[in-house]
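Protein chains: 2
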Amino acid sequence: MADLGERRLIEAIKGCYDYEWEDDDAASIPAGRAYTLITTDSISRSSHMPKGAGWDKVGYFFAALNLSDIAAMGGRPEYFMSALTLPAETKVSELRSLEKGIGRCLGKYGVKVIGGDLKQGAEMCMTGIAIGTVQKDRILRRRGAKEGDLVCLTGKLGRNGAAYRMWKETGNKKWGEMMLCIEPRVKEGIAISQCGASSAIDLSDGLFAALWQLGKSSGRGFEIEYSRIPIDSLALETRDRLGIGIEDMAFEFGGEYELLFTISPRRLPMLEKAAGRAGFGFSIIGEVKGSAVVLRRDGKAETVRSRGYEHFRK
Amino acid sequence: MADLGERRLIEAIKGCYDYEWEDDDAASIPAGRAYTLITTDSISRSSHMPKGAGWDKVGYFFAALNLSDIAAMGGRPEYFMSALTLPAETKVSELRSLEKGIGRCLGKYGVKVIGGDLKQGAEMCMTGIAIGTVQKDRILRRRGAKEGDLVCLTGKLGRNGAAYRMWKETGNKKWGEMMLCIEPRVKEGIAISQCGASSAIDLSDGLFAALWQLGKSSGRGFEIEYSRIPIDSLALETRDRLGIGIEDMAFEFGGEYELLFTISPRRLPMLEKAAGRAGFGFSIIGEVKGSAVVLRRDGKAETVRSRGYEHFRK
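As they're listed, the protein sequences go chains U and X.
When we follow this note's numbering, the leftmost residue of the first sequence carries the number 1, and every step to the right adds one.
When we follow this note's numbering, the leftmost residue of the second sequence carries the number 1, and every step to the right adds one.
If we strip away everything but chain U, and leave its shape as in the complex, we get (with noise of 0.2 Å):
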């Protein structure tokens, strides 16, 4: 499977059995006038794990990528499961230490856990299951995105990219810790949904990824300004110390969990005043333009062929 990549494996399965699948960040259930949304999000150790993580931080990590899910479907998460397949010589002390990382993540975001799975095997590998809740007429799908409307960033890029580069190079376990360093973002999904956004996604796989991915589920294309793209310290740091380009990891890294999302120009006074309230930043990178995705820089246009991070591509 190594070299089709996950999206095409993903496409190749679907034949196998009937299927009811928006291509979202996470399934929509009909329940009255709101959707029950449902994700689920997995990690094991030699994926996932950098070596000498502390439990701790992998639990936070690993409840909060979940969330993320939801949230980027303008969603409020309620609930958790999760299943947890440990090897056998897991120590009671490193699973508690798991839990209470999830917890912390879950406690932060008012979600309760409400079952799950323990069972043994030979490599570490944990399931997680977030369920949520959206109005009908607030949910924010990947679909949607408008000619002329705004593309927009909540946060910067390139810190998880930066810390995976940093602790390639000096196997320090703290750049390790600061790549599962991500927060969901519950509330700027909330407010982005109540503003009446017209998609989004988050940017699990990288910013080109999600681009990609809105621009398929949309049919549309985007002119993405590069000067606006705003660009955490860390990142330029490591450009400028290892000389690895910031596309690499800003643009292309999976692992970062900000919302990408469109709106049309005259609802940004509402979302403006909203992000004011909640408390959170975001940046205008662009515009709904054409069919393909098309990045500015320095007065000339690019178009953008990656699509980012995929598990099973070499």
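The hints are simulated quantities; they were obtained by calculation from the structure and are not laboratory data.
Hints may contain errors.
[Unchecked claim] Output of the computed footprint for chain U on chain X, the stretches with three or more beta carbons under 8 Å from beta carbons of chain U: (1) 113-122; (2) 230-244.
[Claimed, not checked] One side only, chain X facing chain U, incomplete, derived with CB under 7 Å: (3) Glu-6; (4) Cys-16; (5) Tyr-17; (6) Asp-18; (7) Tyr-19; (8) Glu-20; (9) Ala-31; (10) Met-81; (11) Ala-83; (12) Glu-99; (13) Lys-100; (14) Leu-106; (15) Gly-279.
All residues carry an ideal CB built from backbone N, CA and C; glycine is no exception.
Chain U is already provided as a structure; the job is to place chain X on it using the hints.
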């Protein structure tokens, strides 16, 4: 962790977060006059996949064991998601065969796939999530068994445990695949709940574990008549051929998915009619009585201390 056992481990981690956790086969979230039921169950190569077993068979088993938890609550399964962590060397044909097996089971029970996750990892590890629904006043929980209720069982016991023993003995993959042959008792669960059963659980960890769990949740004991427990012919043959005790294969072996339930004797005629209409049989194996699990055999009564199969127990 290897000496604590799964159930004590779960108790040990509950303090780590805010939880709302009925000790049932699936979590239940109020949704108007119904409950949305959600459950998760994982399998990994080292713990659950007999070497040489066809991927299609594994897929069917994987879906079935998740639907079983919905069935045990009296629910109708509606949706399914899977989070697959697979090694990079997995073949696309293997993945498709796995998904076809999943699809075969879901198709049989009218269940739709609404999303999932696909990741790369060192060991194959698959987590399923089944979502279903049940009327609020028809939900079957583990608590609810009342003194004097009948203890009943769908199907026969010991086939999967016997297949495991034969597989260990012969190495023939035919037996390995037979271990995976299970059916979620969906129509049975619905009929049982419509007839007003007082409690139910599936036999995923074996009969003794199920009795122990029902008893603990209901605060009751059981008197079980050994001669009334229906034993599969393969278990009888395997006892004669390999000299393995029936208890080992039929009472203590996890991996069977019949339903154990309790029901008031005055509801028995209704249940018999409903079972006839739905086309399934069940056995009355004992009575809710006292506070211990007692097995009556050849006129003698013995208290059962075994709690059946548990992960993380040597």
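Hints broken by the structure, by number, lowest first?
2, 15
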